[in-house]
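S.K.: For reference, the chains in residue letters:
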Amino acid sequence: MDAAAEAEFSEFMDSRWLQLLRLGYVLTGDRGLAEDLAQTALARAYASWPRIRRAGDPDGYVRRVMVNANHSRFRKHRVAEQLTGAVPEPPPVDTAGGSDDRLTLMAALMSLPLGQRSVVVLRFWLDMTEAQVAEALGCSVGTVKTQGSRALAKLRASAGLGEGMSHEQL
Amino acid sequence: MSSFDEQDLGRRVDGALATITSGSAPAAAIVAQGRRIRLRRRAARAGVAVVAALAVAVPVAIAWHGALTAPGPRPAINHPTPRPHRLPTKMTGLPMPAGTNFKFLVQGSEGTGFPGAADWYSTASRSFKTIAGLPHEPFDFSRVPGGWSAGLFLGGWKCPPHCWNAQYFIADGSTHATKIGIGLWISPADHPGAVWLMSYPPTITDMATASAYVQLFSTNGSALGPRYRLPAGYLLDRGVGGYLLLTSLRQKKPPYISVLWDPRSNRVAGRVTDVIAAGPGQIAWSPDCRGCRVRLLNVLTGTSVTTPIAAGQPGGLTGKFTDDGTLLAVQLTDGQLAVYDTSSGQLTVIPGTALNNNYWQDFGWLNGSHTLTVAAGCGRCNATGPEQIAYWQPGDSRLRIATVTNQREADAVQGAAS
Numbered sequence: 000m001d002a003a004a005e006a007e008f009s010e011f012m013d014s015r016w017l018q019l020l021r022l023g024y025v026l027t028g029d030r031g032l033a034e035d036l037a038q039t040a041l042a043r044a045y046a047s048w049p050r051i052r053r054a055g056d057p058d059g060y061v062r063r064v065m066v067n068a069n070h071s072r073f074r075k076h077r078v079a080e081q082l083t084g085a086v087p088e089p090p091p092v093d094t095a096g097g098s099d100d101r102l103t104l105m106a107a108l109m110s111l112p113l114g115q116r117s118v119v120v121l122r123f124w125l126d127m128t129e130a131q132v133a134e135a136l137g138c139s140v141g142t143v144k145t146q147g148s149r150a151l152a153k154l155r156a157s158a159g160l161g162e163g164m165s166h167e168q169l
Numbered sequence: 000m001s002s003f004d005e006q007d008l009g010r011r012v013d014g015a016l017a018t019i020t021s022g023s024a025p026a027a028a029i030v031a032q033g034r035r036i037r038l039r040r041r042a043a044r045a046g047v048a049v050v051a052a053l054a055v056a057v058p059v060a061i062a063w064h065g066a067l068t069a070p071g072p073r074p075a076i077n078h079p080t081p082r083p084h085r086l087p088t089k090m091t092g093l094p095m096p097a098g099t100n101f102k103f104l105v106q107g108s109e110g111t112g113f114p115g116a117a118d119w120y121s122t123a124s125r126s127f128k129t130i131a132g133l134p135h136e137p138f139d140f141s142r143v144p145g146g147w148s149a150g151l152f153l154g155g156w157k158c159p160p161h162c163w164n165a166q167y168f169i170a171d172g173s174t175h176a177t178k179i180g181i182g183l184w185i186s187p188a189d190h191p192g193a194v195w196l197m198s199y200p201p202t203i204t205d206m207a208t209a210s211a212y213v214q215l216f217s218t219n220g221s222a223l224g225p226r227y228r229l230p231a232g233y234l235l236d237r238g239v240g241g242y243l244l245l246t247s248l249r250q251k252k253p254p255y256i257s258v259l260w261d262p263r264s265n266r267v268a269g270r271v272t273d274v275i276a277a278g279p280g281q282i283a284w285s286p287d288c289r290g291c292r293v294r295l296l297n298v299l300t301g302t303s304v305t306t307p308i309a310a311g312q313p314g315g316l317t318g319k320f321t322d323d324g325t326l327l328a329v330q331l332t333d334g335q336l337a338v339y340d341t342s343s344g345q346l347t348v349i350p351g352t353a354l355n356n357n358y359w360q361d362f363g364w365l366n367g368s369h370t371l372t373v374a375a376g377c378g379r380c381n382a383t384g385p386e387q388i389a390y391w392q393p394g395d396s397r398l399r400i401a402t403v404t405n406q407r408e409a410d411a412v413q414g415a416a417s
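From first to last, the protein sequence lines stand for chains A and B.
Going by numbering that gives the first Met the number 0, the first sequence opens with residue 0, and the numbers climb by one from there.
Going by numbering that gives the first Met the number 0, the second sequence opens with residue 0, and the numbers climb by one from there.
Be careful, since some hints might not be right.
[Stated by the list, open to error] Taking beta-carbon pairs under 7 Å as the criterion, some of the chain A residues facing chain B (in silico): (1) Ala2; (2) Ala3; (3) Ala6; (4) Ser9; (5) Asp13; (6) Leu41; (7) Ala46; (8) Gly55; (9) Gly59; (10) Arg63; (11) Leu113; (12) Phe123; (13) Trp124; (14) Met127; (15) Cys138.
[As the list claims (entries may be wrong)] Per label pair, the in silico range of CB-to-CB distance: (16) Ala17(B) to Asp58(A): 16 to 26 Å; (17) Ala17(B) to Glu10(A): 47 to 57 Å; (18) Pro96(B) to Thr145(A): 42 to 52 Å.
[What the hints assert, rightly or not] Computed list of chain A residues with no C-beta within reach of chain B, every gap over 12 Å: (19) Ser14; (20) Pro112; (21) Gly114; (22) Leu136; (23) Ser139.
Derived from the structure by calculation, the hints contain no laboratory data.
The beta carbon of each residue, even a glycine, is placed where N, CA and C say it ideally should be.
Please work from the sequences and hints to get the whole structure.
M.R.: Right, dumping it as structure tokens:
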């Protein structure tokens, strides 16, 4: 890899780290695992940076690696893994009650099956299109729609999560 | 999908994740891990070379799978990129002849017993020669005319913190490394026997806003001229035809801009986009337009020609010039390797070289020669999968290939030297 590509990767790594960390957290519910996933994705990107840069979508690449790595991890440790909705560190004082909302939302997300959670994260948090989500997860657009619908239904049913949303939305 | 609702849900997830904060990325760990992935692939390539040497010594005893195959179809330069899964998983060509010998610059403990030192490995004699003068630390090797640069690698190229590493030069076949100086890296000069050392002042906080220093050194370590200060936010790519080719660090999106800078007058003499390769006097670059073809700028004569090579997307092509700048090897947008002769203007596509995206492929010219070497293997398989090493010379209709399935633990081969 030439010097310019190295420097370009460094910029990419620095600018995406926090977002990837958050993606990792919302996928795993664990700060340590999130860091592992983000580091793994960026390391793989580094190893193939010229090719990834040539392909023109480095963000899509690292997201795919993170999602797939998480799926692999989940398959390997299906029995031992217990996801939790707990936030990684004590949340800041929130006089408006936002902390409760965050805890509730994270708990609801973590209660979703992995595939549904991945769809929710990619589709609604990262604003990816259904086609992009399908490509990232290696499934059909129809599967994305189905998983998304089921995920939303479960989130609606989660205690407390529907509050604050309009009846039209629900 | 229901309207529960994307924006609202996304916003709420955003809020929930606001508690996840972090400082900077663990750059050293990421780069080191990525580097290990790359080295594993290169180690696989070293295994190929070693087994090729065994095949020379004991041809009967080694499984040699270079196969004669029918010539592939003549490629069309402008057709859309084929779907990756339709492309083959192996290069095809003619068997590599017995007696083929390559010398590899090898990083590792094979010859010295110490990690991080470098050796020459001869595939014909199967022997190592230790390169003296390098501290026992990890190094990154890069091709420069007449040899290799060796930069102490301590986890990355971001500066700070990796601004001030010892930089060495190893002449082809030499068993002694020469220290050039302290800096970020060494770049090729436009003539053999010299290299540019790029460094930053101790006060640097951000490469994107800082000005680097460059100074020309002979390959025996003595300064050949004054120290110049680059325009802020630029990195030195290499010396080209009396100028310095600089790449902007501030350009985040295509087209990626490079400039030809005259260090003596501190003036920009030219500007190109999306550089594919640069030689001692030539620059292959892609104009920022749809459907355009790669341009070749001869800096020495000031002439520019349009090649038959389709430019594709910005950053979509990879190329390498021979040391004399007369041949340009390029991987086309459809994955095939081709060689462009700058004298005749002829583009020769090497059939059987396109691989699907699951496979890695490296190519480069043997030092000072017109022999193109290619190595390939599966990037998503174990390092023990079948690998291929091949070479091509002008006039050859096909690659000469050796394929092996039995690999040994090998040090990381950084490239081949004649």
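S.K.: Now tell me, hint by hint, if it's right for this structure.
M.R.: Hints, one by one, checked against the model:
1. Ala2: holds, 5 Å
2. Ala3: Holds: closest Cβ of chain B sits about 4 Å from Ala3(A), inside 7 Å.
3. Ala6: holds, 6 Å
4. Ser9: holds, 4 Å
5. Asp13: holds, 6 Å
6. Leu41: Holds: closest Cβ of chain B sits about 5 Å from Leu41(A), inside 7 Å.
7. Ala46: holds, 4 Å
8. Gly55: holds, 5 Å
9. Gly59: At about 14 Å, which exceeds the 7 Å cut-off, the nearest Cβ of chain B leaves the hint on Gly59(A) violated.
10. Arg63: Check failed: Cβ of Arg63(A) comes no nearer than 13 Å to chain B, outside 7 Å.
11. Leu113: violated, 16 Å
12. Phe123: Since the shortest Cβ distance to chain B is 5 Å, the answer is holds.
13. Trp124: holds, 5 Å
14. Met127: With a minimum Cβ separation of about 11 Å from chain B (threshold 7 Å), the hint on Met127(A) is violated.
15. Cys138: For Cys138(A), the interface hint is violated, since the closest Cβ of chain B sits about 15 Å away, which is over 7 Å.
16. Ala17(B) to Asp58(A): 16 to 26 Å: The hinted range 16 to 26 Å holds for Ala17(B) and Asp58(A), with Cβ atoms some 21 Å apart.
17. Ala17(B) to Glu10(A): 47 to 57 Å: violated, 24 Å
18. Pro96(B) to Thr145(A): 42 to 52 Å: violated, 58 Å
19. Ser14: At about 9 Å from chain B, Ser14(A) fails to clear the 12 Å cut-off, so the statement is violated.
20. Pro112: For Pro112(A), whose nearest Cβ neighbour in chain B is about 17 Å away, the distance exceeds 12 Å, so it holds.
21. Gly114: Per Cβ check, Gly114(A) is outside 12 Å of chain B; nearest 15 Å; holds.
22. Leu136: Its Cβ never comes within 12 Å of chain B, the nearest being 15 Å, so this holds.
23. Ser139: holds, 15 Å
Comparing the model with each earlier hint shows violations of hints 9, 10, 11, 14, 15, 17, 18, 19; every other hint is respected.
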